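Read off the chains here:
Protein chains: 2
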Amino acid sequence: MTVAIIGVGLIGGSMALALKDSGFAQTVIGVEASEAHAQKAIERKLVDEMANLEEAVVESDAIIIAVPVDAIEVVLPQVLDLVTNQIVLEAGSTKSKIIELVKNHPRRRQFVATHPMWGTEYSGPEAAVHGAFKNKAVVICNKEESSAEALSFAVDFYKMLGMHIVFMDATNHDVHAAYVSHVSHITSFALANTVLEKEREESAIFELASAGFESTVRLAKSNPAMWVPIFKQNRENVLDVLNEHISQLRKFKACLEKENYVYLDELIQNANKIRRIIK
Amino acid sequence: MTVAIIGVGLIGGSMALALKDSGFAQTVIGVEASEAHAQKAIERKLVDEMANLEEAVVESDAIIIAVPVDAIEVVLPQVLDLVTNQIVLEAGSTKSKIIELVKNHPRRRQFVATHPMWGTEYSGPEAAVHGAFKNKAVVICNKEESSAEALSFAVDFYKMLGMHIVFMDATNHDVHAAYVSHVSHITSFALANTVLEKEREESAIFELASAGFESTVRLAKSNPAMWVPIFKQNRENVLDVLNEHISQLRKFKACLEKENYVYLDELIQNANKIRRIIK
Numbered sequence: 434m435t436v437a438i439i440g441v442g443l444i445g446g447s448m449a450l451a452l453k454d455s456g457f458a459q460t461v462i463g464v465e466a467s468e469a470h471a472q473k474a475i476e477r478k479l480v481d482e483m484a485n486l487e488e489a490v491v492e493s494d495a496i497i498i499a500v501p502v503d504a505i506e507v508v509l510p511q512v513l514d515l516v517t518n519q520i521v522l523e524a525g526s527t528k529s530k531i532i533e534l535v536k537n538h539p540r541r542r543q544f545v546a547t548h549p550m551w552g553t554e555y556s557g558p559e560a561a562v563h564g565a566f567k568n569k570a571v572v573i574c575n576k577e578e579s580s581a582e583a584l585s586f587a588v589d590f591y592k593m594l595g596m597h598i599v600f601m602d603a604t605n606h607d608v609h610a611a612y613v614s615h616v617s618h619i620t621s622f623a624l625a626n627t628v629l630e631k632e633r634e635e636s637a638i639f640e641l642a643s644a645g646f647e648s649t650v651r652l653a654k655s656n657p658a659m660w661v662p663i664f665k666q667n668r669e670n671v672l673d674v675l676n677e678h679i680s681q682l683r684k685f686k687a688c689l690e691k692e693n694y695v696y697l698d699e700l701i702q703n704a705n706k707i708r709r710i711i712k
Numbered sequence: 434m435t436v437a438i439i440g441v442g443l444i445g446g447s448m449a450l451a452l453k454d455s456g457f458a459q460t461v462i463g464v465e466a467s468e469a470h471a472q473k474a475i476e477r478k479l480v481d482e483m484a485n486l487e488e489a490v491v492e493s494d495a496i497i498i499a500v501p502v503d504a505i506e507v508v509l510p511q512v513l514d515l516v517t518n519q520i521v522l523e524a525g526s527t528k529s530k531i532i533e534l535v536k537n538h539p540r541r542r543q544f545v546a547t548h549p550m551w552g553t554e555y556s557g558p559e560a561a562v563h564g565a566f567k568n569k570a571v572v573i574c575n576k577e578e579s580s581a582e583a584l585s586f587a588v589d590f591y592k593m594l595g596m597h598i599v600f601m602d603a604t605n606h607d608v609h610a611a612y613v614s615h616v617s618h619i620t621s622f623a624l625a626n627t628v629l630e631k632e633r634e635e636s637a638i639f640e641l642a643s644a645g646f647e648s649t650v651r652l653a654k655s656n657p658a659m660w661v662p663i664f665k666q667n668r669e670n671v672l673d674v675l676n677e678h679i680s681q682l683r684k685f686k687a688c689l690e691k692e693n694y695v696y697l698d699e700l701i702q703n704a705n706k707i708r709r710i711i712k
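Those sequence lines, one after another, are chains C and E. Just so we're aligned: 706 in the numbering used here is position 273 of the first sequence, and the numbers increase by one with no gaps anywhere. Just so we're aligned: 699 in the numbering used here is position 266 of the second sequence, and the numbers increase by one with no gaps anywhere.
In case anyone wonders, no lab produced these hints; they're calculated from the structure. Remember, predicted model here, so these are calculated numbers, not experimental data. Take the hints with a grain of salt, since some may be wrong.
Any copy, or any two copies together, can satisfy a pair, since identical chains are not distinguished.
Derived DSS-like pairs (lysine-lysine); straight-line CA-CA distance at most 27 Å [to be verified]:
{"hint": "1", "residue 1": "K691", "residue 2": "K473"}
{"hint": "2", "residue 1": "K712", "residue 2": "K654"}
{"hint": "3", "residue 1": "K592", "residue 2": "K654"}
{"hint": "4", "residue 1": "K691", "residue 2": "K665"}
{"hint": "5", "residue 1": "K631", "residue 2": "K576"}
{"hint": "6", "residue 1": "K478", "residue 2": "K631"}
{"hint": "7", "residue 1": "K530", "residue 2": "K592"}
{"hint": "8", "residue 1": "K536", "residue 2": "K712"}
{"hint": "9", "residue 1": "K631", "residue 2": "K536"}
{"hint": "10", "residue 1": "K592", "residue 2": "K453"}
{"hint": "11", "residue 1": "K478", "residue 2": "K567"}
{"hint": "12", "residue 1": "K536", "residue 2": "K706"}
{"hint": "13", "residue 1": "K478", "residue 2": "K592"}
{"hint": "14", "residue 1": "K576", "residue 2": "K654"}
{"hint": "15", "residue 1": "K478", "residue 2": "K686"}
{"hint": "16", "residue 1": "K686", "residue 2": "K592"}
{"hint": "17", "residue 1": "K592", "residue 2": "K665"}
{"hint": "18", "residue 1": "K453", "residue 2": "K478"}
{"hint": "19", "residue 1": "K567", "residue 2": "K473"}
Bound conformation, chain C alone (with noise of 0.2 Å):
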């Protein structure tokens, strides 16, 4: 099978090494926008060569699209207008809107709505890794608007990747992102610019980074060319979630504020049932 991958960054190019790893595909071709990605793509051997768009939809029997989101809105009708009966995915972290936007094309059965729930925080050819997505879960949404065979394509894919399959629909998949996701990252960055802030009058702040701090601030490295379409195209969720983070963290406030130390260890009693969850 011939595999065309657009966009061959962190994920793109992760999925294209384990396409070829496991054998799934015999040839994969990339697509790039960035002519240095595209170099880079061929120089660490991500792909076996790159081509423009419609050679690579052309010459492939899938074409899996791994470009930011507000990306995806051009590339995917633009994928859909060129194929004849090829198979489509993309893997972008939010679903509505792109679901939406082709909803009517006549070819929508051929394309599968995914989201591979994993990632780092460094992004370009260079962040592509053998093994990744292992263990992890993917998203496939509104399954019954593709046809068995698309969907038969996407499962083992994403099998192939080591994944676990959640179907779900776009709607309910933005929300559960918002929380498990995007709101993450937003903590994160606030974060990353409320210490960098105080930088400015004390340099030696970072010489007690602990790995606590590490840890939750990891995220802040990540790429807003990514993010900005992200949080663009979940808005409205996005939003709510956020609304409710500062009103948790306002509890913290008002325990401190009020020196109300038993309602601030409940607080933390209760944070702690994250352990249920998080091993």
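Let chain C serve as the given structure and place chain E on it in line with the hints.
For chain E alone, coordinates are given in the frame of chain C:
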């Protein structure tokens, strides 16, 4: 040398292991308020023997206090009352209140106030590990209030643990610790509570929990018995930083509300500067 460790949990237990691993101490005596912890410490061979506070102090050349900061307020004056010429260290996460409490004690100069910036979200003797502390910072506060002999012991001890030593006055320490440790924990507790609240309605939410979420929320497993006293003792600094953090979060909120994605991009680019600090 014989060293007494008061509080054989994550910190004290890991120090006890290193004291024996390195040969720095020939004998380590543990003191524990909790019978269960005492048994566990013996079972795991963290210490050579358990003793009560008086016996342990009399038999030791140095005493290290590694209990929650509210317990330090009780135990440190007791220990200073008991010692003759022994050296006393404590390893609490706040410094001003503790130092203030014993500033007029006749044996103040035998005492060194320290904060080794290492920990995990786990606690108790089960959580103690070999090789802890390595390559992390330890803060030694108000060194001019300790004798040369006591200071030299503290430096040798923390070098043995593989830590790099930062000298700082207690007031600065407490500000910096609020920034790079204490408020990270509040952020993480609040994020856990935000998501756990939502889970009441939608049990499937954690199926999607990604590595990013896990990293941000990991600290929410931390023990309230340790953290409530830290927030209490460092209340004013923690409130200041928490207010700043909430105002940084509000900037993200305002960007989304006003759909100002140019400024949102700038906020994230600024947060990316954390890459200079956190590799």
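Here's how the hints hold up against the structure:
1. Proximity of K691 and K473 under a CA criterion of 27 Å is satisfied in neither setting, with 56 Å inside one chain copy and 38 Å between copies.
2. Both within a single protomer and between protomers do K712 and K654 lie at most 27 Å apart by alpha-carbon distance, with minima of 24 Å and 10 Å respectively.
3. Taking the shortest Cα distances, K592 and K654 never come within 27 Å of each other, neither inside one copy (30 Å) nor across copies (32 Å).
4. Within a single copy, K691 and K665 get their C-alpha atoms only as close as 37 Å, which misses the 27 Å cut-off; across copies the closest is 11 Å, which meets it.
5. In the homo-oligomer, the alpha carbons of K631 and K576 lie at most 27 Å apart only across protomers (25 Å), although the nearest pairing inside one protomer, at 48 Å, exceeds that limit.
6. Taking the shortest alpha-carbon separations for K478 and K631, neither the intra-copy value of 43 Å nor the inter-copy value of 43 Å comes in at or below 27 Å.
7. In this assembly of identical chains, the alpha carbons of K530 and K592 lie at most 27 Å apart only when taken from the same copy (26 Å versus 56 Å across copies).
8. Taking the closest pair of Cα atoms, K536 and K712 never come within 27 Å of each other, the shortest separation being 39 Å inside a single copy and 43 Å across copies.
9. Neither within a single protomer nor between protomers do K631 and K536 lie at most 27 Å apart by alpha-carbon distance, with minima of 48 Å and 30 Å respectively.
10. In this assembly of identical chains, the alpha carbons of K592 and K453 lie at most 27 Å apart only when taken from the same copy (15 Å versus 48 Å across copies).
11. Taking the closest pair of Cα atoms, K478 and K567 come within 27 Å of each other only inside a single copy of the chain (21 Å); across copies the shortest separation is 37 Å, beyond that limit.
12. Taking the shortest alpha-carbon separations for K536 and K706, neither the intra-copy value of 40 Å nor the inter-copy value of 40 Å comes in at or below 27 Å.
13. For the homomeric pair K478 and K592, the shortest alpha-carbon distance inside one copy (23 Å) is at most 27 Å, but the shortest distance between copies (45 Å) is not.
14. Within a single copy, K576 and K654 get their C-alpha atoms no closer than 33 Å, and across copies no closer than 36 Å, so neither meets the 27 Å cut-off.
15. In this homomeric assembly, K478 and K686 never come within 27 Å of each other (Cα to Cα): the closest approach is 51 Å inside a single copy and 41 Å across copies.
16. For the homomeric pair K686 and K592, neither the shortest alpha-carbon distance inside one copy (45 Å) nor that between copies (38 Å) is at most 27 Å.
17. Taking the closest pair of Cα atoms, K592 and K665 never come within 27 Å of each other, the shortest separation being 30 Å inside a single copy and 49 Å across copies.
18. In this assembly of identical chains, the alpha carbons of K453 and K478 lie at most 27 Å apart only when taken from the same copy (10 Å versus 49 Å across copies).
19. When the C-alpha separation of K567 and K473 is checked against a cutoff of 27 Å, the pair qualifies only within one copy, where the shortest distance is 24 Å, while the shortest distance between copies is 36 Å.
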